[in-house]
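Whole structure, please, built from the sequences with the hints as guidance.
Just so you know, the sequences run in chain order A and B. Counting in the numbering used here, the first sequence runs from 1 upward without gaps. Counting in the numbering used here, the second sequence runs from 1001 upward without gaps.
Please keep in mind that the hints were generated in silico from the structure rather than gathered at the bench. Just so it is clear, the structure is predicted and the values come from calculations on it, not from any experiment. Certain hints may be false.
Computed Cβ-Cβ distance ranges for the label pairs, DEER-style [unchecked claim]:
| hint | chain 1 | residue 1 | chain 2 | residue 2 | range |
| --- | --- | --- | --- | --- | --- |
| 1 | A | Ala41 | B | Ala1470 | 32 to 38 Å |
| 2 | B | Tyr1505 | A | Lys38 | 45 to 51 Å |
| 3 | B | Leu1072 | A | Asp125 | 55 to 61 Å |
| 4 | B | Ser1048 | A | Gly158 | 25 to 31 Å |
| 5 | A | Val48 | B | Glu1046 | 38 to 44 Å |
| 6 | B | Glu1122 | A | Phe21 | 38 to 44 Å |
| 7 | A | Glu34 | B | Ala1204 | 38 to 44 Å |
| 8 | B | Ala1209 | A | Asp51 | 25 to 31 Å |
| 9 | A | Ala41 | B | Glu1122 | 54 to 60 Å |
Listed below are several chain B residues computed to face chain A (Cβ distance under 8 Å; list not exhaustive) [to be verified]:
| hint | residue |
| --- | --- |
| 10 | Gly1181 |
| 11 | Glu1210 |
| 12 | Ala1444 |
| 13 | Leu1467 |
| 14 | Lys1487 |
From chain A, some residues computed to sit far from chain B (all C-beta separations above 10 Å) [to be verified]:
| hint | residue |
| --- | --- |
| 15 | Arg5 |
| 16 | Phe31 |
| 17 | Arg37 |
| 18 | Asp44 |
| 19 | Pro58 |
| 20 | Arg60 |
| 21 | Arg181 |
| 22 | Asp292 |
Ideal Cβ placement from N, Cα and C applies to all residues, glycine included.
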Amino acid sequence: MPQDRISRREFMQRTGKAAGFAAVAVGGAYFLHEPVRKPFAQKDDAPVSRDLRIAGMPDRMIMVHGGDPAVMTSAALSALGGMSAFVQPGETVVVKPNIGWDRRPEQAANTHPAVVAEVVRQCMDAGAKRVVVTDVSCNDPTRCFNRSGISAAAREAGADVQLPQEARFREVNMGGAMLGRQLVYDIYLEADRFINLPIAKHHGLTRATLGMKNLYGILGGSRSRLHQDIHNSVVDLAAFLRPTLIILDAYRVLLRNGPQGGSLADVEERGMLLASTDHTAIDACAGELFFDLTPDDMPWLGIAERAGLGTSDWRSIPLDEITV
Amino acid sequence: MSSSFQRYRRLRWLRRSSQTFFFLLFLYLLLQTNIDALDSPDAVPEISAPVELFLELDPLVAISTVITTHSLYRNLFLALIIIVGTLFLGRFFCGWMCPMGTINQMVAAVRSGRMQGKQRLEQNRWKPYQRWKYGVLAFMLGAALLGSTQIGLLDPIALLTRSMALILLPAYNVFTHDIYGWSLHADLGPLSILLTGLSWVTHALLIRAETVVFDQTFLILLIFVAILLANRFITRFWCRGICPLGALLGLLSKTSIYGLEKHASLCTDCNKCALNCQGGDNPQPGYTWHQTDCHLCMNCVASCPEAGIDFRFFPKREETTQKVSLTRRAVLSTAGAGMLAVPVLRAATHPGRTPDPTLVRPPGSLPEKEFLSRCIRCGECMNVCPNNALHPTLLQAGAEGIWSPMLMPRIGYCEPTCVLCSQVCPTGAIDELTEAEKAWVPEAGKAETAGPPLRIGTAFYDLGRCLPWAMAKECIVCEEWCPTTPKAIYFEEVEVQNRDGDYLYLKRPHVDPALCVGCGACTYACPVKGAPAIYITAVGETRNTQNRILLEQDRGTSGKRR
Chain A
1 MPQDRISRRE
11 FMQRTGKAAG
21 FAAVAVGGAY
31 FLHEPVRKPF
41 AQKDDAPVSR
51 DLRIAGMPDR
61 MIMVHGGDPA
71 VMTSAALSAL
81 GGMSAFVQPG
91 ETVVVKPNIG
101 WDRRPEQAAN
111 THPAVVAEVV
121 RQCMDAGAKR
131 VVVTDVSCND
141 PTRCFNRSGI
151 SAAAREAGAD
161 VQLPQEARFR
171 EVNMGGAMLG
181 RQLVYDIYLE
191 ADRFINLPIA
201 KHHGLTRATL
211 GMKNLYGILG
221 GSRSRLHQDI
231 HNSVVDLAAF
241 LRPTLIILDA
251 YRVLLRNGPQ
261 GGSLADVEER
271 GMLLASTDHT
281 AIDACAGELF
291 FDLTPDDMPW
301 LGIAERAGLG
311 TSDWRSIPLD
321 EITV
Chain B
1001 MSSSFQRYRR
1011 LRWLRRSSQT
1021 FFFLLFLYLL
1031 LQTNIDALDS
1041 PDAVPEISAP
1051 VELFLELDPL
1061 VAISTVITTH
1071 SLYRNLFLAL
1081 IIIVGTLFLG
1091 RFFCGWMCPM
1101 GTINQMVAAV
1111 RSGRMQGKQR
1121 LEQNRWKPYQ
1131 RWKYGVLAFM
1141 LGAALLGSTQ
1151 IGLLDPIALL
1161 TRSMALILLP
1171 AYNVFTHDIY
1181 GWSLHADLGP
1191 LSILLTGLSW
1201 VTHALLIRAE
1211 TVVFDQTFLI
1221 LLIFVAILLA
1231 NRFITRFWCR
1241 GICPLGALLG
1251 LLSKTSIYGL
1261 EKHASLCTDC
1271 NKCALNCQGG
1281 DNPQPGYTWH
1291 QTDCHLCMNC
1301 VASCPEAGID
1311 FRFFPKREET
1321 TQKVSLTRRA
1331 VLSTAGAGML
1341 AVPVLRAATH
1351 PGRTPDPTLV
1361 RPPGSLPEKE
1371 FLSRCIRCGE
1381 CMNVCPNNAL
1391 HPTLLQAGAE
1401 GIWSPMLMPR
1411 IGYCEPTCVL
1421 CSQVCPTGAI
1431 DELTEAEKAW
1441 VPEAGKAETA
1451 GPPLRIGTAF
1461 YDLGRCLPWA
1471 MAKECIVCEE
1481 WCPTTPKAIY
1491 FEEVEVQNRD
1501 GDYLYLKRPH
1511 VDPALCVGCG
1521 ACTYACPVKG
1531 APAIYITAVG
1541 ETRNTQNRIL
1551 LEQDRGTSGK
1561 RR
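Below is the structure:
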């Protein structure tokens, strides 16, 4: 029988289908409707900082003279009570040498690889679960990590050597005097311990780049703006991330054309190494010893002192002077 | 089923395996276009794989640069493998090796409704448009006679290398980085364990630590997409109608001793051979076979149920076999048009008289005229650059030099010790260099570089944007990054008054053009976003003795002996 009228069932099905899609459209529009543009979501999270010092440990300064960088490193750590005073079994340690430039060890633009390797080895011996060696290089990271000798030496000592991957930087609010939201390599937000391994070298703007300025290399993004107020910026970094230990390599010191150098004529062999838990004191000491700078020549020291990050009068803390 | 049928089906599988192998090899070499990790500070960074192999095998690259330069650069003699093979066997390269052909074949294999039955058969018959490619070839080689290498614009290997390296790989890179970043930072509550797994997988899929971008690649993308989409209308339209390498190999295949033999008496006119033909060369008995269009894909013989066609050595010369149907007049007039195009392009946009100041070429680049006689715009140099510093030009080098490499220091600077672009350049447009020849940084154990540096340009300040010059702010990041020793960027200490009336000491930077090599590290690092406060122009480049400011540079001294 030819039907000129549709069945009730078909009527229900077809109008139901249309009504269903219509309901989705209306509901979606209702849900998404934005009568006044919502303000752009400004992130307003609380400032983050990481204090990875050993609680209750009195600040000391170790000054090592001698020859071999690995032997000096080992001597400094022994004087401080061994790495087990700083690293507990099962901890993740991030070790940050200066691997900023595509330079060989003898050009003294990067931390000496033997210092890095010795620190890694001792962390592993102290039972660390993982020792990450990384830096945000200026030059091509592959070249910097290789040419500095650090990649090979640290890997052989058992480190997880990481060339920073773009996706791993996280924006955090440092809440500092100069530095607000900055992109930080995520390992610094996760690690249990942080060992800063700077090298003492010349710098055009600040005259010397020492411990605190080495923290520049935890940042990604447009970090070159930091030069506009470098002293407050590095103190903000040092307050954001307080290291467990600082070992400053002065086996070779770059005296001119820093922080990259390049010519061996600009390098002086000093055969020294400093270690301390006081970031301000170690910078004050290194600036005086290697660059003849007084605390007044290094304005970040005064700012750091006022911020409670240590003392610029490095002679006021106990000093062990060792010759190996 | 006849035994020949079985044999050809095996041969067809062999062809498919060969295509897969060469396509994967092509991708592998693209991905290997970077340096390996080194285990010693003194090891020289090297590229371990022969990454420019396909370009060196390409007879068109060899022939075109032989015409423009009267020499056969480095490994371009490898093209003899393809040339000799084609002289004996025909266009086996197109059907068995060419990665561009393989991509086209894969896209064409996705059948649309339009490409069924009769329509598919009809578009597979030989058509006069298949002669266009000889015109493209004649035009390009005509231009080559006047010293302009334009072949790379349409050479399939150069085109594919460029399209993959500058668009598809960067797109893949962005995609994997985005997912990796999301898997690291997202929070799915109890499902976060899945994110950890995803981050491991995507981490393994990353091909470099950072994403790269390339300027001016939209046109390259459009052309590539158009070539692929053409397969929806005509199977392998590019290979049949446009490809100048196909045209060249077609001409070479005239002497081939391997070919199709038709047995009309066995043919039942089932059309299966023509239906599956890749070259559009009429394998079917009763039609004229166009040998120069055959890719030797073996589809026709593998689909013939009656043994009506055979591939064999020294096939019987059939009157139905046509080699190539070109008239001398058409060839000569097209080549003449190609020659004519060169002065027209040069007169219209020739940068010779006033070179675009931003046209900073990679270190080792030949003088501009010789450079353009060799550069095939393959993009190998841009792909290998660790700093993403090299980008294709649009019109900075004139229309004649479109897609040739230029330094864009705002995106990346020329890495002082890196000479990789000079090593991968298949045609020698960039002279092969060592670190010592580039001489930007002293070698191991040396206080000075061995000779004068190979300059690519000079830096200049925009004092109205520079922080210490215009805004009474500390900066000199440029000085920090300057890689030469002593640094080309120096500063003076000045006492300046800020708007509050306070006096402060600032370090104001200057460039010493006698020491600047033009690497662009200063421009890259300059914190002044938007237009940088320090920029590079090509003036002072070693390759052009007339593009100089300083008189002393003409003496060829390094500037160190001032």
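Going down the list of hints, with the structure as the test:
1. A/Ala41 / B/Ala1470: 32 to 38 Å: holds, 34 Å
2. B/Tyr1505 / A/Lys38: 45 to 51 Å: Holds, since B/Tyr1505 and A/Lys38 (Cβ atoms, about 47 Å apart) stay within the stated range.
3. B/Leu1072 / A/Asp125: 55 to 61 Å: holds, 59 Å
4. B/Ser1048 / A/Gly158: 25 to 31 Å: With Cβ atoms ~26 Å apart, the hint holds.
5. A/Val48 / B/Glu1046: 38 to 44 Å: At 42 Å between Cβs, range holds.
6. B/Glu1122 / A/Phe21: 38 to 44 Å: Between B/Glu1122 and A/Phe21, where Cβ atoms are some 42 Å apart, the hint holds.
7. A/Glu34 / B/Ala1204: 38 to 44 Å: holds, 40 Å
8. B/Ala1209 / A/Asp51: 25 to 31 Å: Between B/Ala1209 and A/Asp51, where Cβ atoms are some 30 Å apart, the hint holds.
9. A/Ala41 / B/Glu1122: 54 to 60 Å: holds, 58 Å
10. Gly1181: Since the shortest Cβ distance to chain A is 3 Å, the answer is holds.
11. Glu1210: Hint holds; B/Glu1210 Cβ to chain A Cβ min 4 Å, cut 8 Å.
12. Ala1444: Since the shortest Cβ distance to chain A is 6 Å, the answer is holds.
13. Leu1467: Holds, because the Cβ-Cβ distance from B/Leu1467 to chain A comes to roughly 7 Å (cut-off 8 Å).
14. Lys1487: holds, 6 Å
15. Arg5: holds, 37 Å
16. Phe31: For A/Phe31, whose nearest Cβ neighbour in chain B is about 22 Å away, the distance exceeds 10 Å, so it holds.
17. Arg37: holds, 26 Å
18. Asp44: A/Asp44 is indeed farther than 10 Å from all Cβ atoms of chain B, at 18 Å.
19. Pro58: Fine: 36 Å to the nearest Cβ keeps A/Pro58 off the interface.
20. Arg60: Its Cβ never comes within 10 Å of chain B, the nearest being 32 Å, so this holds.
21. Arg181: holds, 15 Å
22. Asp292: holds, 18 Å
Comparing the model with each numbered hint stated earlier shows that all of them hold.
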